[in-house]
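Colleague: What follows is each chain in one-letter form.
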Amino acid sequence: EEFTIGLSNGWVGSEWRTQMIAEAEEAAKAWADKGVTVTTQVQSANVDVPGQIAHVRNFISQGVDAIIINPNSPTAFDPVFAEAADAGILVIATDAEVSSPDAIYVGIDQKGWAEMSARWLAETLEGKGTVVAINGVAGHPANEMRVAGYQEVFGEFPDIEIVNEVNGNWDQAQGQQAMQNILATYPDIDGVWVQDGMAAGAWRAMQDAGRDDIYATGEIRKDFIDIWSENKLKSGASVNPPGVMASALNVAVNMLQGKKLKEPATAGVYGNALYLPIPFISDENLSEASQALEGQPGYTSFTSELSIGDATALFE
Amino acid sequence: MSGALKPILIAAGLVVLLMIAGEMVSPGFASPEQILRLSIVAALLGIVAAGQNLVILGGREGIDLSVGGVISLAALVAGNVMSGSDAGLFPAILACIAVGSLIGLLNGLGVTLLRIPPLVMTLGMLGVVQGLLVVARNGIPSGRAAPMLSDFVSQPQWLGLPGILWLWLLIGLAMAGLLNRTVFGQRIFSIGANEGAARLAGVPTRVTRTLLYVLSGVFSAIAGLCILGYSGSSFANVGGQYMLASIIAVVLGGTPLSGGRGGYTGTMIGALLLVVLQGLLTTLSIDESGRQIIFGSALIVLLLFYGRSSGLRG
Amino acid sequence: MPHLTMTDMHKAYGATKALTSGRIELFPGELHVIMGANGSGKSTLCKILAGSVKPDGGTITLDGRPVDIPDPKAARELGVSIFYQELSLSKNRTVAENILARDLPTRAGLVDRKAVMAQAAQVFAPFRDVASDGFSMAARVGDLRPDQRQLVEIAKTFAGNADIFIFDEPTSALDRAQTEAFFKELDRRKAAGAVIVFISHRMEEVFEIGDRVTVIRDGETVSSAPLAETTRDRIVAEMVGGDSGASVFADPPEAPAPGKVRLELRGVSSRRLRDVSLSLHAGEVLGLGGLHGQGQSDLLRALFGLEQTTGEVMLDGAPIALPSPRRAIRGGFGYISGDRQTDGAISGRSIFENVVPIHLFKSRQHILRRGTLTAEVDRVLQILATRHGGTGLPISSLSGGNQQKVIISRWLMDETQVLLLDDPTKGIDLKTKLELFALIRSLADKGLAILLYTSEDAELLANSDRILVFNNGRIVRELAGDDRTRLMLTSAAFEAA
Amino acid sequence: MTHRSLLRTMPPYLPVLIILICMFALNGLAEPNSLSAYAIKGLVSTYLALMFLAVGQTIVIFAADIDLSVGAILGLVNVTVVSLMQALGDTPGAILLSMLLAVGVGAACGALNGVLVVILRLQAIVATFATSVLFLGLALWVMPVAGTPAPRLFWRTFGGRIMGIPFAYFVLAALLVLIFLLARSRFIQRLLTVGDDQLAAFQTGLPVTSIRVRGYIMCGVFAAFAGLCITGDTASGDPNVGGLITLNSVAAAVLGGAALSGGVGTLFGSVLGALVIGLVGSLVFFLGTPSEWQNLVQGLTVLAALMVGILFSGRARA
Ligand SMILES: Nc1ncnc2c1ncn2[C@@H]1O[C@H](COP(=O)(O)OP(=O)(O)OP(=O)(O)O)[C@@H](O)[C@H]1O
Ligand SMILES: Nc1ncnc2c1ncn2[C@@H]1O[C@H](COP(=O)(O)OP(=O)(O)OP(=O)(O)O)[C@@H](O)[C@H]1O
Ligand SMILES: [Mg+2]
Ligand SMILES: [Mg+2]
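Residue numbers (the working numbering), protein chains in the order written: chain F, 101 to 416; chain Z, 246 to 559; chain V, 3 to 499; chain U, 98 to 415.
Keep in mind the hints are simulated off the structure, nothing from the lab.
All values derive from a computational prediction rather than experimental measurement.
Incorrect hints may have been included.
[As the list claims (entries may be wrong)] Listed below are several chain Z residues computed to face chain U (Cβ distance under 10 Å; list not exhaustive):
id : residue
1  : 364
2  : 382
3  : 538
Idealized CB from N, CA, C, for every residue including glycine.
Construct all of the structure, not just a fragment, from the sequences and the given hints.
Modeller: Printed below as a string of structure tokens:
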């Protein structure tokens with residue numbers, strides 16, 4: 101059997117995305133062992149929504165069998181995904197959910213992701229204290245789902261108060277600057293809920309200020325995990341693995357083979373999601389995470405993916 | 246002199262005013278430590294803005310939109326060369342300056358030899374550098390900052406101030422000296438004011454202008470190095486936020502985009518003003534939409550103080 | 003009753019009082035000349051009338067009614083049309099579009115291109131025969147020669163309905179034939195009852211066509227009289243406010259004892275030059291004559307490294323290459339152009355900064371020693387009696403003439419061997435011209451070799467030791483000794499044409 | 098006819114037209130399907146927004162101004178029109194009214210830019226950057242999170258066909274007619290005169306201030322049209338949708354032969370420039386560039402195209 105799968109990535113501003121593509125390409129090669137030839141076509145560039153719509157249309161012109169996309173918008177692709185479906189192409193979104201009925205989502209539940217780390221923080225603080233949140237890009241759906249997630253969890257704890265929520269645009273340095281300003285004006289906070297790479301920045305600001313009494317969520321790059329282990333930080337991090345696209349690819353190949361999901365993808369706000377498990381790194385399993393990343397470059401993220409076997413097991 | 250001093254005084258007054266406002270809204274905002282930390286962030290911006298300032302002073306619509314790309318590339322290269330060890334610091338500095346001056350040189354040659362408008366040339370170069378970053382990140386692992394570099398940026402060193410603030414001060418003095426006390430400085434102003442006449446008066450216009458872009462590249466590279474020290478490790482797109490911020494800092498400091506007029510002292514205060522304003526907005530507990538609306542409006546109000554071009558009717 | 007009067011007009015730019023008490027009365031059907039030294043406020047007075055400068059005070063009455071002129075559009079509606087000294091052309095637009103810029107003809111709401119061409123051609127008709135080569139209604143104004151641009155600005159002034167025409171130095175780049183065509187059109191308009199205001203520094207023109215003259219000195223109207231009742235000397239006296247002194251229009255100088263050959267050209271050609279050979283001696287002022295734009299400026303620019311040439315250039319007997327202005331300056335050349343705004347003034351910067359660059363370049367300094375330099379700057383500015391309020395002030399605070407003095411001062415700080423003067427007195431008043439030519443002569447006496455081009459024949463005749471007459475990029479005649487007469491110059495200029 | 102005068106009489110958009118044709122040819126060689134009816138229609142409907150935006154940007158560039166807020170205006174219009182349609186219902190009348198109001202929003206944004214840059218005389222680059230922050234804030238206020246869907250009727254029409262012809266082609270045709278008329282309007286001619294030499298235009302008696310302000314308003318209106326196109330192609334609201342498009346609009350204008358110093362260029366050239374910018378990404382992909390090199394090759398291609406355009410038109414003008 102031979103399948104061609106188009107991979108579209110609309111933002112190249114982070115190492116996580118690079119790793120995402122690389123792992124997906126690896127996963128495609130691994131199918132050779134099963135006697136299936138999976139060819140990937142990759143479009144990966146900094147584009148806006150129209151630019152990424154063009155990615156999809158290019159794939160349609162090329163006549164690929166499936167498209168896996170890390171989308172720049174949740175809803176903007178409805179029309180173009182409909183075009184793809186008309187052309188008989190399977191569309192799978194990953195990392196951010198899409199509203200299109202013509203696509204399914206294979207990835208983590210961003211809201212659950214935030215809930216997990218928020219719960220860790222709330223429980224570590226024993227259910228009371230003041231916290232701040234440093235968020236990604238305002239208006240971005242993944243960000244807003246995460247915000248909903250932590251707000252819901254903190255809402256369950258009456259003695260936890262969110263004193264401020266700021267946006268660091270998923271930029272490490274902006275996260276660091278935001279944390280710096282927060283520390284100056286809210287010197288008595290107990291916890292920080294912060295996302296992704298900005299966590300490294302926030303932790304750095306706390307260390308610079310000598311504040312090792314604050315609990316904060318962490319992130320999953322080797323650089324950070326090393327610092328975490330070395331300095332015994334009080335942190336916990338839920339994992340959005342860059343392997344999500346590889347997982348999506350493994351699911352896609354199964355679907356292209358004509359198999360049916362045992363449980364159809366109906367989760368999520370749009371009712372088309374297949375959620376993957378979300379690993380969590382805390383002091384308990386920190387050393388395992390360290391080991392998994394041993395010898396990798398500093399920007400490598402802790403990852404996990406559905407293996408071919410795992411994926412196949414989801415199908416009838 | 247008093248004419249040149251006015252915008253600087255306005256900017257300085259506004260900084261003080263914002264600090265006071267900040268202290269009232271969120272107590273602790275004007276604490277000495279916070280002032281120090283804001284100054285560090287301002288220094289990072291200020292160093293980028295030094296190069297931007299020179300390019301703008303040189304006139305002919307001078308502007309450098311590639312600074313963000315250069316910062317990111319320099320931070321990547323430097324992090325990789327030093328990879329967390331003090332021994333690698335010096336080679337890293339050299340590597341970074343080489344990268345910055347090379348990109349600056351290409352910008353300069355495009356602008357002077359091919360006569361590409363600076364906005365277009367440096368915008369195109371930004372696209373190229375961003376592409377280069379993706380390639381480079383696949384090829385070379387990004388590394389960590391040397392401890393010495395991190396301490397230089399964020400730990401109090403001499404007289405309670407971190408090294409970066411001394412460096413910024415030094416750059417301030419050097420820029421003032423360069424602009425007011427050297428022949429090169431004279432040449433910058435003269436090509437900014439009237440390139441054709443300057444050329445007839447023996448100014449090597451192309452060489453001078455090319456050097457301005459080289460210097461801008463070098464300043465961005467130095468800033469990239471410092472930002473690496475600030476954040477500890479290099480990461481993709483570290484420099485993105487500096488492109489327009491550096492231009493705004495220059496304009497808030499009283500150097501008009503038309504060139505031939507202005508200086509760096511004002512730009513330093515402009516950088517401080519911008520950072521204090523952003524810091525103040527961060528500490529306000531409001532929606533992001535509110536922050537953006539206030540930030541945009543505040544910038545408009547600030548710009549009303551300066552940078553107004555003259556009317557047509559004398 | 004006068005058609006229009008301006009009384010007690012005043013205007014200050016910061017500390018500079020451009021106009022303190024401007025007054026003028028314009029009668030229908032007259033050609034009214036305004037004369038005054040550089041910076042006396044002529045242009046300011048005219049621009050106020052045209053609405054492009056806002057006066058600080060004063061009254062304007064039209065047919066006895068006081069009027070307000072808030073902008074050029076309003077002036078136009080009152081029937082005032084102006085030719086700007088610095089021109090008001092858009093260089094990327096065509097000649098036709100410029101002439102009709104104010105009011106492009108439309109059809110069905112869209113610009114009617116055919117009508118634009120036709121109407122513009124009609125307005126330009128009186129000058130069609132003198133516009134010469136490379137000129138068409140569809141040409142881009144930026145591609146035209148300075149004299150052609152002045153013709154376009156003239157046509158633009160005449161386009162549309164107006165009955166007061168102001169011409170602020172309209173002939174400064176025109177040759178004789180062009181000037182005559184222009185004067186003929188002025189006569190026609192005058193006969194039709196229009197008022198014409200005319201500014202020129204060329205005394206002959208003024209007496210040739212003027213009816214009445216108003217003299218302005220230091221921003222103040224000092225006299226107004228019919229030209230028939232006044233004399234050249236009286237006007238000059240009123241302009242300078244003292245005795246009239248010597249005249250630029252004196253007889254040709256005695257031929258000096260020729261020094262050694264300093265500059266020699268053999269077969270120099272370029273885009274506009276054809277096989278130019280000449281030799282220039284130390285201590286000599288060599289004039290370049292002929293009709294406008296026959297290669298005189300091109301030769302000077304080529305010698306200053308601004309144009310590519312073939313052929314041989316020898317300085318003091320040794321061949322030299324002149325690939326750039328910097329090389330030319332190092333070689334001992336100096337260049338002064340009458341086109342101050344583009345070639346001279348480093349606008350927006352101080353007087354000091356406008357004087358020092360040549361010295362800084364030649365002395366290969368890198369550090370600016372302000373103290374020592376300031377003394378030097380003061381010294382050279384004094385040689386020309388430059389009037390200024392401090393060397394730290396921007397050069398734009400000076401009048402045109404004084405700006406030119408500052409630019410000339412550049413070349414006086416260090417030794418220069420060959421001075422290239424490219425219409426250096428364009429738009430400069432009589433008194434300043436006198437000082438300037440005296441300086442040029444004294445520089446020649448010190449051994450400098452000088453190449454002089456000026457668009458005024460009288461000036462050329464009065465100040466050159468020899469004159470080379472140019473036509474179409476070639477030297478067609480050399481005039482020396484008693485041949486240096488107006489008649490010979492004119493006939494030489496026209497004979498090959 | 099000599100070499101120089103030939104260069105001078107050629108239409109200013111010739112270089113970009115040649116570049117565009119070459120890109121189409123290369124694209125077709127690498128992937129024949131990229132010239133299929135489907136692909137062409139896709140290209141047009143994807144980049145209609147950029148074409149409108151580039152035309153708007155060119156209008157202000159004609160007057161030697163610049164507008165760095167066009168992307169933010171587009172985003173604001175996108176979320177406004179989607180919110181309005183949601184509020185007013187999805188009847189044809191309500192949709193048309195929403196569109197009209199959204200164009201009004203664009204015009205108002207343009208007017209604010211005009212007031213700041215022209216009347217209050219702020220420097221265009223920094224002032225329009227400041228307003229872009231403001232407009233983004235407003236967009237976030239109107240729609241805090243991306244996602245509200247546009248009515249089906251609206252995007253089905255935009256993405257559908259009328260008499261067998263894709264609707265996008267009608268929009269493109271309307272754009273071309275519009276710029277044909279604009280290019281011959283007195284307004285654009287005056288804008289060019291103002292951009293050529295502002296002082297000269299003022300002294301000539303043109304109402305410089307009002308011409309420039311109207312230029313900004315017109316730019317805002319075109320940004321609003323672009324916002325409507327993007328809404329049609331994406332069927333939803335997203336406050337961040339205008340992220341990269343601003344700088345692309347400037348690049349498209351320059352590619353199309355407009356000089357940032359004002360007074361030179363054609364609206365048609367900018368439309369072609371927008372297509373070139375749009376095609377570069379596809380071309381780089383279809384030529385089989387490895388993913389990590391795509392950005393670099395794309396950056397180099399855009400830079401080269403910009404240089405070629407400027408060198409050609411610069412030569413012709415010199
Ligand atoms: N603004 C300009 N426009 C057009 N050509 C220019 C411009 N500036 C310089 N040139 C040309 O570029 C070349 C180098 O100019 P530059 O001013 O750098 O001189 P230079 O090489 O430093 O001179 P020198 O060798 O005498 O020191 C020369 O051929 C010069 O004529
Ligand atoms: N825009 C301006 N800003 C500052 N000073 C000015 C300005 N325009 C004119 N002046 C000054 O006003 C005075 C009068 O200038 P004006 O141009 O009216 O003189 P003029 O009689 O036309 O001289 P010229 O014969 O040189 O053209 C001069 O001192 C000049 O420097
Ligand atoms: Mg040199
Ligand atoms: Mg004058």
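Colleague: Each hint: holds or not?
Modeller: Do the hints match the structure? See the list:
no. : hint : in the structure
1   : 364  : holds, 6 Å
2   : 382  : holds, 8 Å
3   : 538  : holds, 4 Å
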